[in-house]
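Q: Each protein sequence line maps, in turn, to chains H and V.
The working numbering puts the first residue of the first sequence at 147, with every later residue one more than the last.
The working numbering puts the first residue of the second sequence at 49, with every later residue one more than the last.
Do not take every clue at face value.
To be verified - 27 Å max Cα-Cα, derived DSS-like pairs, lysine-lysine:
| no. | chain 1 | residue 1 | chain 2 | residue 2 |
| --- | --- | --- | --- | --- |
| 1 | H | Lys172 | H | Lys372 |
| 2 | H | Lys280 | V | Lys51 |
| 3 | V | Lys51 | H | Lys273 |
| 4 | H | Lys387 | H | Lys372 |
| 5 | V | Lys51 | H | Lys272 |
| 6 | H | Lys280 | H | Lys244 |
| 7 | H | Lys273 | H | Lys341 |
| 8 | H | Lys341 | H | Lys417 |
| 9 | H | Lys178 | H | Lys417 |
Unchecked claim - DEER-style ranges, computed between Cβ atoms:
| no. | chain 1 | residue 1 | chain 2 | residue 2 | range |
| --- | --- | --- | --- | --- | --- |
| 10 | H | Glu243 | V | Ser202 | 14 to 20 Å |
| 11 | H | Leu414 | V | Val201 | 52 to 58 Å |
| 12 | H | Ala291 | V | Leu65 | 31 to 37 Å |
Said to hold, decoys possible - Computed, partial: chain V to chain H, Cβ under 7 Å:
| no. | residue |
| --- | --- |
| 13 | Leu274 |
| 14 | Asn278 |
| 15 | Arg288 |
| 16 | Ser330 |
| 17 | Asp331 |
These are calculated hints, taken from the structure and not from any lab test.
Positions of the beta carbon are idealized from the N, C-alpha and C atoms, including for glycine.
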Amino acid sequence: MNDPAEIQETLRAVGLSVGYRHVGRKHTFLAKNLNLVLNRGQVTGLLGPNGSGKSTLLRTLGGLQPALQGSVTVLGVPVSGRNIRQTARLISLVLTEKIDVKNLTVFSLVSMGRYPHNSWTGRLDKKDRLIVGKSLDQVHLSGFASAFANELSDGEQQRVLIARALAQDTPLIILDEPTAHLDLPGRISIMHLLKTLADETCRSILFSSHDLELTLEVIHALWLLKKGGEFLTGDPATLMKAGAFEQVFSSEEDPAGQEAIDNYFSGLRNKAAR
Amino acid sequence: MDKRSGTVMLMLVGATLLAFAGDLLFGSVKVPLGDFFRLIQGDENSNLTYILWQIRLPKALTAILAGSGLAVCGLLMQTLFRNPLAGPYVLGISSGASLGVALLVMASSWFGGQALVHSLPYGHWGLVIAAMGGALLVMLLVIMVSARLTDAVSILIIGIMFGSATGAVVNVLQYFSDPDSVHNFVVWTFGSISGVTWSHLALLAPLITTGLLVSFILQKPLNAILLGENQARTLGIRIRSVRLAIITITSLITGALTAFTGPIAFIGVAVPHLARAIFQTSDHRVILPGSILAGSGLMLLCDILAQVPASNQILPVNTVTSLIGAPILIWVVIRSRRNRNSIQT
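Produce the complete structure using the sequences and hints provided.
A: Pasting the structure below:
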């Protein structure tokens with residue numbers, strides 16, 4: 147799978163700047179001039195403190211928000227807000243919004259993943275039903291097809307949303323903090339599910355998280371985004387050795403806290419060395 | 049649609065047809081069931097034929113148009129704003145219509161139009177045009193503003209503000225008007241479906257049916273919106289065009305209905321909940337036709353009950369829709385809470 151000859155890139159961003167547009171005054175840049183690549187069958191984790199622009203970066207890559215500069219392509223096709231149906235066939239997103247719709251079955255919800263592919267009625271053909279069934283299988287929820295989605299546990303709901311993304315059948319899946327609302331077992335199972343899915347379905351998976359240790363367990367590549375727009379990427383172990391985490395998570399406002407942060411990361415480094 | 053929904057849908061069709069027949073038969077003049085089919089052919093030139101063709105039939109058809117139109121608008125608003133309390137009137141369109149009527153009924157009396165105004169019956173074209181003008185004005189404002197806004201909640205707030213502002217103007221008009229004009233206006237706000245004639249229906253029916261047909265085209269985006277607007281966009285739904293379409297349909301239907309029948313309470317908010325509870329789903333492919341049927345049936349039922357049994361009195365339709373509808377909805381809420389399925393959007 148990870149034979150270098152077979153690695154194939156799904157997403158490429160060149161000279162990408164993300165942030166917010168304002169009318170009549172300067173744009174707010176959260177990160178400038180990023181050059182990013184995502185590979186097939188690989189899980190990439192995006193870590194960074196709150197306010198560093200993780201969500202903004204993910205939303206920009208996913209085509210929900212326009213880039214301030216630069217371009218994003220998936221399989222060579224430019225991602226734009228203009229042709230969102232085409233974008234929806236290339237990238238599926240799992241956002242942080244929880245399921246708050248009542249009386250909607252897991253099957254109906256997951257079958258919405260077929261919307262970018264089917265007609266205006268949203269009617270499922272045989273192939274669509276097969277894909278929806280397989281997606282439920284892949285997240286271990288095949289027995290829950292006719293359950294109401296809002297009555298499931300938080301972890302199960304997250305798996306439903308991931309199944310919806312799988313049913314969308316895109317080369318790239320982006321998840322914004324998929325473990326945010328979950329308890330520890332839920333976090334562990336979602337993280338490992340993402341890794342398994344990348345292996346089994348050969349898709350690129352990109353997610354943001356605050357669960358540092360769990361993230362390091364499952365990812366192939368790491369993106370670090372610091373407040374102020376500094377961006378580091380590379381092999382997780384190398385970045386760890388180089389002290390990249392201390393740098394990214396340093397807190398200038400709180401020098402006393404900084405010592406604790408440094409200790410935490412040196413502890414992690416020692417653990418990794420052993 | 050699964051098997052259960054299909055069966056329930058057929059039962060609803062049956063119930064609505066029964067209510068339709070009932071609405072034709074019952075009233076201050078009783079139509080004997082045996083004579084019904086002979087009379088409805090219209091060969092005979094009797095009073096009963098006239099009552100059936102010129103009064104009961106237009107009224108029953110109006111009940112169907114009003115019931116289905118308001119129910120669908122309520123459903124669209126509840127889905128768009130993800131708010132179980134939203135209804136057809138949250139955009140302020142009906143307040144615009146009442147402003148038009150208030151101006152006609154009350155303000156015109158200041159300019160010597162008193163005699164004319166006091167004799168305006170329900171469904172008079174003057175009233176209809178005034179109401180439509182008011183509705184159209186607010187509708188254009190709402191559409192113009194919502195085309196610029198990025199989130200749905202701001203549209204909801206602005207719709208409610210439009211409603212309050214026009215309501216305030218109406219209050220000012222009432223304050224400075226003579227009691228007769230105020231009375232005329234208040235009677236209009238009770239709502240009535242009996243003033244609608246065939247010539248009104250020729251305009252009303254195509255407007256409502258167009259709105260309903262377009263809402264069917266929107267069933268897929270509506271389902272996607274249940275997951276949130278951003279999530280809908282990631283599924284390839286053009287959320288801004290869809291939102292504009294939803295607002296335009298709702299304005300069109302509520303504007304047209306309010307112009308001909310006055311505001312009708314309750315149906316729009318209650319029926320979508322009723323449909324969700326009956327069909328146990330939020331899937332618009334099911335509850336859109338379900339709301340149309342339940343809305344028509346409920347409105348027909350209310351109209352039958354508005355003809356106070358064994359008397360010549362007719363209650364204002366607003367009081368009946370609330371009196372009948374509120375207990376039904378309370379029952380639905382309590383029953384579904386017990387089943388652990390709450391019935392919000």
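Q: With reference to the structure, classify each hint as holding or not holding.
A: Here is how each hint holds up against the structure:
1. H:Lys172 to H:Lys372: Holds, at roughly 21 Å.
2. H:Lys280 to V:Lys51: Holds. Lys280 of chain H to Lys51 of chain V sits at ~24 Å (cutoff 27 Å).
3. V:Lys51 to H:Lys273: holds, 21 Å
4. H:Lys387 to H:Lys372: holds, 17 Å
5. V:Lys51 to H:Lys272: holds, 18 Å
6. H:Lys280 to H:Lys244: Judged against 27 Å, a Cα distance of about 23 Å means the pair holds.
7. H:Lys273 to H:Lys341: holds, 26 Å
8. H:Lys341 to H:Lys417: Distance of about 22 Å is within 27 Å: holds.
9. H:Lys178 to H:Lys417: violated, 34 Å
10. H:Glu243 to V:Ser202: 14 to 20 Å: Holds, at about 18 Å.
11. H:Leu414 to V:Val201: 52 to 58 Å: Violated, at about 43 Å.
12. H:Ala291 to V:Leu65: 31 to 37 Å: Holds, at about 35 Å.
13. Leu274: Check passed: Cβ of Leu274 of chain V comes within 4 Å of chain H, closer than 7 Å.
14. Asn278: Asn278 of chain V check passes; min Cβ-Cβ to chain H is 6 Å, inside 7 Å.
15. Arg288: violated, 10 Å
16. Ser330: Hint holds; Ser330 of chain V Cβ to chain H Cβ min 5 Å, cut 7 Å.
17. Asp331: holds, 6 Å
When the structure is compared with the earlier hints, violations turn up for hints 9, 11 and 15 and for no others.
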